[in-house]
Amino acid sequence: MAKLYFYYAAMNAGKSTNLLQSAYNYRERGLRALLFTPQLDKRYGAGVITSRIGLQEEAFAFGPDHDLFAHVKGELKQGGLNCILVDEAQFLSKQQVLQLTLVVDRLGVPVLCYGLRTDFRGEPFEGSQYLLSWAEELVEIKTVCSSGKKAIMNARLDADGNQVRDGAQVEIGHHYEARARAQFNLEWVSPIGYIPSDTTDG
555 MAKLYFYYAA
565 MNAGKSTNLL
575 QSAYNYRERG
585 LRALLFTPQL
595 DKRYGAGVIT
605 SRIGLQEEAF
615 AFGPDHDLFA
625 HVKGELKQGG
635 LNCILVDEAQ
645 FLSKQQVLQL
655 TLVVDRLGVP
665 VLCYGLRTDF
675 RGEPFEGSQY
685 LLSWAEELVE
695 IKTVCSSGKK
705 AIMNARLDAD
715 GNQVRDGAQV
725 EIGHHYEARA
735 RAQFNLEWVS
745 PIGYIPSDTT
755 DG
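Start counting the sequence shown at 555; every next residue gets the next number (our numbering).
Hints are not guaranteed to be accurate.
Simulated restraints, written as ranges between beta carbons of each label pair [what the hints assert, rightly or not]:
1. E741 with E691: 30 to 38 Å
2. D659 with Q632: 17 to 25 Å
3. S701 with G584: 39 to 47 Å
4. Q723 with L652: 18 to 26 Å
5. R586 with K704: 31 to 39 Å
6. W742 with Q632: 44 to 52 Å
7. R586 with V724: 27 to 35 Å
8. L656 with L686: 17 to 25 Å
9. A556 with V724: 45 to 53 Å
10. R735 with G634: 42 to 50 Å
Bear in mind the hints are in silico, worked out from the structure with no lab data behind them.
Glycine included, every Cβ here is placed at the ideal spot set by N, Cα and C.
Please build the complete structure, drawing on both the sequences and the hints.
Spelled out as structure tokens, the structure:
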């Protein structure tokens, strides 16, 4: 039974490594996997998925208006297709997440998406928001903060290593650090705008 999976984690938890390992496993068994990566991420070249440990593989680079359902349907006419793997899935639009549900439900092909839940201000990405709502299987890939606590947030750092709270949600090329929520300073970074009252004695 085909399902939609969302493997989520903070930065540098090994999401792309997990995806490329899955692609290798399918190929090793003589099965065909189709890989997608967002067009806007060109750090290692357009249409390339690269992990921090040096694994790399070509993938189809999709844009914000690309119809993933139509694409997969066309690929099925070329022959068997056993799995869809999507890197940096937080950059999917909600329409594209819906298209992937149809790949599962109408075409019977399992879809494995890998991505972040939230941005550098703790706000949910559109693609992740809908994957968390619609995927049958949610799998957390865990990593740790330098404090030793579980890291769930993604801090954006400037050239001097200071955490920043202003800027566009999507800016490729910045340095990011996975942090626990307490070390992330959510109340300072979040656009919600809540400043706690002083609770210290005296």
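Against the structure shown, which of the earlier numbered hints fail to hold, in ascending order?
9
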